[in-house]
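Heads up: the sequence lines are chains A and B, in that order.
Under the working numbering, read the first sequence as residues 1 to 113, first letter to last.
Under the working numbering, read the second sequence as residues 1001 to 1111, first letter to last.
Watch out, some of these pointers could steer you wrong.
[As the list claims (entries may be wrong)] Footprint (simulated), chain A over chain B, 3 or more residues, beta carbon under 8 Å:
no.	stretch
1	1020–1033
2	1045–1052
3	1093–1100
[As the list claims (entries may be wrong)] Which chain A residues stay away from chain B? Per the calculated CB distances, all over 10 Å, these:
no.	residue
4	Q6
5	S7
6	E24
7	L27
8	E62
9	S67
10	K83
11	A92
12	S94
13	E101
14	R109
15	T111
Hints in this document: simulated from the structure, not taken from any laboratory.
Note that beta-carbon positions come from the ideal geometry of N, C-alpha and C, so glycine has one too.
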Amino acid sequence: DGGITQSPKYLFRKEGQNVTLSCEQNLNHDAMYWYRQDPGQGLRLIYYSQIVNDFQKGDIAEGYSVSREKKESFPLTVTSAQKNPTAFYLCASSMGAGMSEAFFGQGTRLTVV
Amino acid sequence: GQQLNQSPQSMFIQEGEDVSMNCTSSSIFNTWLWYKQEPGEGPVLLIALYKAGELTSNGRLTAQFGITRKDSFLNISASIPSDVGIYFCAGFPRNTGKLIFGQGTTLQVKP
Chain A
1 DGGITQSPKY LFRKEGQNVT LSCEQNLNHD AMYWYRQDPG QGLRLIYYSQ IVNDFQKGDI
61 AEGYSVSREK KESFPLTVTS AQKNPTAFYL CASSMGAGMS EAFFGQGTRL TVV
Chain B
1001 GQQLNQSPQS MFIQEGEDVS MNCTSSSIFN TWLWYKQEPG EGPVLLIALY KAGELTSNGR
1061 LTAQFGITRK DSFLNISASI PSDVGIYFCA GFPRNTGKLI FGQGTTLQVK P
């Protein structure tokens, strides 16, 4: 099946630990995106990548890092520098950035205790 | 940065009623996308719009890309209980690869 897979669905970490969220797509899409969603809020852009080996900061990149070494993968690391990491994280991909539909994974709910 | 203003923030309607929501921005957009999100899930794409003035339907849903390229609306006709959820507008501002989202419209439908 073609689609975007985020894993795991639920993730628990202790405060001060880095954690990496996985996002894989088999849609052959060039562009990928990471968003953060807090309860009752919209989606805020963390990082996006328009092509392999390139990525740009979104509106709330502080405390996060990404890599794009392969077209199908765009992992997000939530570092210990992120002041309030508990949130619902969503990954999306699109054929290109700017003029195409974007599709989402099922999300990862991260809880830091 | 670019902002999308989505309204209304929430709606509580009777089954069978029509619903309308819209998004506006001070920036020009190349593409408008409308999504529906249910609790604990990722947003699901409903409609995509690519040209100014474009009017597109998907079943009981109709969306339009504003002539100025700075706004879009979504209409739902004859609402049913399964329409409940949060609806988001999203778009690619001109000359950027960013996909940004509105704050969402929470729809509740009373049977």
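How the hints compare with the structure:
1. Given as covered by chain A, the stretch 1020–1033 of chain B passes the check, having 3 residues with a CB less than 8 Å from a CB of that chain where 3 are the minimum.
2. With 3 residues having a Cβ less than 8 Å from any Cβ of chain A, the stretch 1045–1052 of chain B passes the three-residue criterion, so the hint holds.
3. With 5 residues bearing a CB less than 8 Å from a CB of chain A, the stretch 1093–1100 of chain B meets the requirement of three and the coverage assertion stands.
4. For Q6/A, the non-interface assignment is contradicted: its Cβ lies about 8 Å from the closest Cβ of chain B, within the 10 Å cut-off.
5. The claim that S7/A is not at the interface with chain B holds, since no C-beta of that chain comes within 10 Å of its own (minimum 13 Å).
6. At roughly 14 Å from the closest C-beta of chain B, the C-beta of E24/A stays outside 10 Å, upholding its exclusion from the interface.
7. With 10 Å as the threshold on Cβ separation, the claim that L27/A sits away from chain B holds: the shortest Cβ distance comes to roughly 13 Å.
8. The non-interface label for E62/A is consistent with chain B: the shortest C-beta to C-beta separation is roughly 14 Å, beyond 10 Å.
9. With a cut of 10 Å on Cβ distances, S67/A stays outside the contact zone with chain B, its closest approach being about 17 Å.
10. With a cut of 10 Å on Cβ distances, K83/A stays outside the contact zone with chain B, its closest approach being about 20 Å.
11. The claim that A92/A is not at the interface with chain B is violated, since a C-beta of that chain comes within 10 Å of its own (minimum 7 Å).
12. The non-interface label for S94/A is inconsistent with chain B: the shortest C-beta to C-beta separation is roughly 7 Å, within 10 Å.
13. The Cβ of E101/A sits about 5 Å from the closest Cβ of chain B, inside the 10 Å cut-off, so the non-interface label is violated.
14. A Cβ of chain B approaches the Cβ of R109/A within 10 Å, the least distance being about 8 Å, so the stated non-interface status is violated.
15. The non-interface label for T111/A is consistent with chain B: the shortest C-beta to C-beta separation is roughly 13 Å, beyond 10 Å.
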